[in-house]
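> Spelled out from the first residue to the last, the chains are:
Protein chains: 2
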Amino acid sequence: MSKKYNVAIVGASGAVGREFLRLLHQRDFPIASLRLFGSERSAGKKIIFRDSEIEIELLKEGDDFKDIDIAFTSAGAGVSKKFADTITRHGAVMIDNSSAFRMDEDVPLVVPEVNGEDAKHRPRGIIGNPNCTTIQMLVAVNPIYKISPILKIRVSTYQSASGAGASAMAELEKQISQYASGSPLTVEKFPHQLLLNLIPQVDIFLDNDYTKEEMKMYNETRKILHDDRIEVSATCVRVPVLRAHSEAIWVETESPVDISDVRRAMESAEGVVLADNPAEALYPMPFAAAGSDPVFVGRLRKDIASPTGITLWTVGDQIRKGAALNAVQIAEYLIRQKNI
Amino acid sequence: MSKKYNVAIVGASGAVGREFLRLLHQRDFPIASLRLFGSERSAGKKIIFRDSEIEIELLKEGDDFKDIDIAFTSAGAGVSKKFADTITRHGAVMIDNSSAFRMDEDVPLVVPEVNGEDAKHRPRGIIGNPNCTTIQMLVAVNPIYKISPILKIRVSTYQSASGAGASAMAELEKQISQYASGSPLTVEKFPHQLLLNLIPQVDIFLDNDYTKEEMKMYNETRKILHDDRIEVSATCVRVPVLRAHSEAIWVETESPVDISDVRRAMESAEGVVLADNPAEALYPMPFAAAGSDPVFVGRLRKDIASPTGITLWTVGDQIRKGAALNAVQIAEYLIRQKNI
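From first to last, the protein sequence lines are chains A and B.
The first sequence begins at 2 in this note's numbering and counts up by one.
The second sequence begins at 2 in this note's numbering and counts up by one.
If you are wondering where the hints come from, they were derived from the structure by calculation, not from laboratory data.
Glycine included, C-beta positions come from ideal geometry on N, C-alpha and C.
Be careful, since some hints might not be right.
Claimed, not checked - Some but not every residue of chain B turned toward chain A, in silico, with C-beta under 7 Å: (1) Lys-153; (2) Pro-192; (3) Leu-199; (4) Asp-210; (5) Ser-234; (6) Val-242.
Here chain A stands alone, though its shape is the one from the complex:
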């Protein structure tokens, strides 16, 4: 009988936390025991998993993680920083969905299809799960990168409400009801109304007038690809969509690449579904991609502004591949590699 693992989810009641539960079930993750942790607000609530009811325990300092093998954490950077020692002290592998440790040198940052092997070297017992927009972009462009190194990426995002959590999704749905009934719209989760609008700001602004979200795409890409030559200029925009992110991407490669080679590479690439048939109006859309696992790629064509350019459109479920699924896949990779 193959090995089973004691698993913990920290932030179990959030949008990503709930997705962890669905994924562990759907993917038949080898669970020996499952414990759920949360803040004072969610502690005591009960969640059904398979045939049993599990109570969310209060996350606190102490020895609660003594027997845990794998902890999936998604409760914000502050919580991850505060409890990293508590979680990892007795040997649990912490796969962290927050931005707390992503750029730390002694924490690998992993997209399994791109740099799975990095997960094996984790001196602090922590593995970083990259930002959703980075994961999706790298899964989509990695097949090109394998043909020729990519030197530049320009990317504009069309990010769904889910990136700001379950309550942000609920607010967008509420705005629909309010708009339909002619009531004033509730605007709390975003700086501005999202329904029938676009907000060209995700996360806070930095000194170079890029947002933190945009610079994550720059910095995380270089770390994951181990490539300090690649430069990423991103414009991140929130759009009135519930849970799948889309990205329009231009890459410039070191050597010219043939578009038919890229197409072939996409067709066989792990984690990618090529949905690209202009003749039949087939291309990825967030409405269709919500709730599914792959990174969908379409609108694949030469960049007519550059002899070494390729442009494409990608859509992926932000809560799945953009967060929970990628973290679970990191754990599955370690299990396959007998590294845990």
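The hints should help you fit chain B onto chain A, whose structure is shown.
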């Protein structure tokens, strides 16, 4: 007393046609007489303009345009082609919002802030009004172009429902009501549901896997700027927004340009409003720009992927500057230049 003009609007009952009426009134256009034309479906309907009621006349071959000085046409490329001779035969200047003649060598294609003087040379009496996405992009990047020629543009669009007409806007609003009441959504005006979705296709696909809309941005830009070096790679996406288009733009200039020089140029550029203050979460948004005249520019910064690159975000009302306003401004330019 300054000269007044006999004006005609063809396609008076459409979204752009109605905007012509509002603009002619608001801008106090020097009208001697105003006649409205439409298809059999709208002929006979009456429209209030200032203090009088004007009946929409059936557009037909004949001498109806004998005394017209300026005809604003916005009834689709088929109608423009069929009736161009009827409209211009007796000397009327036809300012055409359709794509019918835009790329014809003997038809100038004009954005007044960029190439107003081209409007003076119109051997066929026709002046083309560019596509909405091109107008907005060129007003936004022209201040940069004046500092150094632009060699490359990558642009992704976030196009509102209005680009597909008044009935498409109505369908998006209907989808909101239907979603709120749990009813199935009506999907007729676009190939897919637009509410809570994105459709990465505007207009039909061409042989190079770009859409016609995307290639308009390439071809019209070169024509308007009289520059065959500039190359534009566009990804055009329909978003669930009512009437303002947004664009994320990356330009590469021939010589490096200083971002503070660009900022100063934007501040004084005709037709541009710079709305760019990250510290106060100030940037252009379609919700705020709907119904107003300028092209709003924000998120202005260095392209960190290129030493000669600038990136920016622009929002403009598609029915105004993207269509009716630009056409009226062409006429106003000719009047100021005493060229009509």
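> Determine for every hint whether it applies to the structure shown.
Outcome of the hint check:
Interface restraint check for B:Lys-153: the shortest CB-CB distance to chain A comes to about 4 Å, inside 7 Å, so the restraint holds. With a cut of 7 Å, the hint placing B:Pro-192 at the interface with chain A holds, because the nearest CB-to-CB distance is about 5 Å. Here the hint on B:Leu-199 is kept, as its CB sits about 5 Å from the closest CB of chain A, short of 7 Å. The beta carbon of B:Asp-210 comes within 4 Å of a beta carbon in chain A, closer than 7 Å, and the hint placing it at the interface holds.
A least Cβ separation of about 4 Å between B:Ser-234 and chain A falls short of the 7 Å threshold, and the interface hint therefore holds. Satisfaction of the interface hint for B:Val-242 is found here, the shortest Cβ-Cβ separation to chain A being roughly 6 Å, below the 7 Å cut-off.
Every hint from the earlier list agrees with this structure, and none is contradicted.
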